[in-house]
Amino acid sequence: MPFISYARVDGAAIAERLYREFLLRGIPAWRDARSIDPYADFSSEIERAIRSASHVIVCLTPSITTRSDSFVRREIAYAQQQKFLSYHSLLVGLHLMMCR
771 MPFISYARVD GAAIAERLYR EFLLRGIPAW RDARSIDPYA DFSSEIERAI RSASHVIVCL
831 TPSITTRSDS FVRREIAYAQ QQKFLSYHSL LVGLHLMMCR
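All residue numbers for the sequence shown refer to the working numbering, where the first residue is 771 and numbers rise by one.
Source of the hints: derived by calculation from the structure; they are not laboratory data. Some clues are possibly wrong.
Each pair of labels, with its calculated beta carbon distance range [as the list claims (entries may be wrong)]:
no., residue 1, residue 2, range
1, ASP839, GLY796, 31 to 39 Å
2, ARG795, THR835, 12 to 20 Å
3, ASP839, GLU815, 14 to 22 Å
For glycine and all other residues, C-beta sits at the position ideal for the given N, C-alpha and C.
Model the full structure from these sequences, guided by the hints.
This is the structure:
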């Protein structure tokens, strides 16, 4: 199951689109707005989802580079520390630019 990482400020729409596209193709995906138990610890739920993911897809948007407190940065670092350093899983970055 792919894990979709995104910044809420400028990546929520594309993350939702990716999530829906996966589901339309019969591929279950993990996205925090949809998959977190509201009574569970947020950080541990995300870490558990990253550890069990087949892929980590990072929606790279401008706010990630401008905000040092971006949770996406933590998700990337955690994924790099986990199995995504092996050849069995994949860390994918999607660089997204705003179009006018």
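Hints versus structure:
1. ASP839 <-> GLY796: 31 to 39 Å: 36 Å, holds
2. ARG795 <-> THR835: 12 to 20 Å: Once the Cβ atoms are compared, 30 Å apart, the range 12 to 20 Å for THR835 and ARG795 is violated.
3. ASP839 <-> GLU815: 14 to 22 Å: 19 Å, holds
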